[in-house]
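Trainee: If you want the building blocks of each chain, they are given just below.
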Amino acid sequence: MAVGTQYLAEQPKLRTTSLVIGGIALAALLAAPFFLYPIFLMSILCFALFACAFNLLIGYVGLLSFGHAAFFGGAAYFTAHAVKVWGWEPLAGILLGVAGAAGLGLVIGFLAIRRQGIYFSMITLALSQMFAFICLQVPFTHGEDGIQGVPRGHLLGVVDLNEPLAMYYVTLAIFLFGVFAIWRIVNSPFGNILKAIRENERRAISLGYRVDRYKLGAFVMSAALAGLAGGTKAIVFQFATLTDVQWQMSGEVILMTLLGGIGTMIGPIVGGGLVIALQNYLAAYDFPVTVLIGIIFVICVLLFRRGIVGEILELMKRKAKGAA
Amino acid sequence: MSTIFGIPTPALYGQILIGLINGSFYAMLSLGLAVIFGLLRVINFAHGAQYMLGAFAAYLLLTYLGIGYWPALILAPVIVGAVAIVIERFMLRRLYGLDPLYGLLLTFGLALIMEGAFRHWFGAAGKPYAPPAQLTGAVNLGFMFMPIYRGWVVIASLVVCIGTWLLIEKTRLGAYLRSATENATLVQAFGVNVPLLLTLTYGLGAALAALAGVLAAPIYQVSPLMGTNLIIIVFAVVVVGGMGSILGAIVTGYVLGVLEGLTKVFYPEASSIVIFVIMAIVLLVRPAGLFGREE
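These protein sequence lines map, in sequence, to chains A and B. Heads up, the first sequence is in our numbering, so the first residue is 1 and it goes up one at a time. Heads up, the second sequence is in our numbering, so the first residue is 1 and it goes up one at a time.
It is possible that some hints are incorrect.
Covered stretches of chain B (in silico footprint by chain A; criterion: 3 or more residues with CB under 8 Å from a CB of chain A, positions within the stretch not fixed) [as the list claims (entries may be wrong)]: (1) 100 to 112; (2) 115 to 121; (3) 229 to 241; (4) 274 to 283.
To be clear, the hints were calculated from the coordinates, so they are not data collected in a lab. All C-beta atoms, glycine included, are put in the ideal place defined by N, C-alpha and C.
Can you build the whole structure from these sequences, using the hints too?
Mentor: Written out as structure tokens, the structure is:
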């Protein structure tokens, strides 16, 4: 699944372009709540971050996790419980969600990295399904009802998050932090070793790297960042339910990443935005969302496996080559 | 009333029977997955949806055309197998030689389409499907009453599993199949039509799933989601057994089904997760699976 694009970093001209695009995107994100529903935008931000966290694993280590819903939804439960029942401050609640997701990631990752390729996907799917069953049965998640009415509270006791704009900018800050963290990880020596494992695991082993440790490390980081997205979502939407831990959610995040572009930095953000916007749009119609998601899956896999952003980058690359 | 470990024996036998029946479906489905994976190197996520399609085909044949259980037992697998052949020809075929994950993602998408469509048309609620008149009622085995249909399912699934195993291990076609699994290019050089073999294998695997679906229809209700919830458990079964061996897939299916049934007796809260727990233990002790070989 190696479709990583390191092209941007290598081309100074493209780098300037990408900085300009990044600047415009940031300005657009800052201004967006004045034009669109903040809750819709926050939903996009949460899922885009989730997709970026997922992409860290598939795009840069080549591991297809089919169980990321466990981290996203699990963190939502932990955060919601801490904030609602224990009365924690929201940021502390989110951090607990992150820690919980990282812990879950450690357990699931430890088991799953014992097998490779397709088995890895099946194991993560099975273990996350097990976690979903546990969530259905343990009392603190309130079964089918979920945890409802989570108070947004005051960030650090100061900023009133019931104010939509305040909530939006906090979500945006968390999102930017998460994406920056992923960018740092990917472009660190650690990230380079991950990519080496993705390209050729045996060679990485022969070079003396303890591949399993790196894989597990990446898995835990990806889980923790998925947890950051899930915990934030619990505060934004003020509930945590079974929907977020089930396999359909794992499928959705795969779709967002695949549609946007696996192994690209902004692909998952684009994919996440598109899928959420589409779901939002379809909610008004009778057409079943699942069918559409399935169709997009099939089209992506058959026709453009690089995803939207990946295909655009490929096109630019070819053009640059033609010009040179 | 006699008891074992404080459990009344009829309850124990009853749960073992239920476990055996669930195990029959685990075995049939993991068998199909293993056959498809062996040759195509594709994990067929749509396997659960094809099982659901089989059950729905039986239900629709009965409701709209008045065609009963016995013809449906043949017709439903043929229909679903034909659909699968079309899928293989026009979609899966394009992905051979690519990372096997793409096959998983494609079949996942197909599963979503099938499930979503059926849910849209028929709703999420289950539909009852009566067992055929010849197989209604129960028989007294001396230590328990057994519904005849359930006994039939266990026997039928055993026949299907052993038949498939014989087909693959003892026939010429099976020999082609096994050799193509080892080295497709070489087999093709000997004049065997490997692409056709791939198509037929996928069709056969899907037909097996559909057959399981028809058998399941009178036991579980026919519902759009019956497949996916099952296929995730079957994935765990496949991880436990390893996909290297057909016989291993079958045995693991039955054993895990019975273990799940026993858990329902002794510790019901854990019955929905016991197979996943076993999978985790197997991964710790023997990562390649009980019957698997390291690749």
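Trainee: Take the hints in turn and mark each one as holding or not.
Mentor: Tested hints:
no.: 1; hint: 100 to 112; result: holds (count 11)
no.: 2; hint: 115 to 121; result: holds (count 5)
no.: 3; hint: 229 to 241; result: holds (count 6)
no.: 4; hint: 274 to 283; result: holds (count 5)
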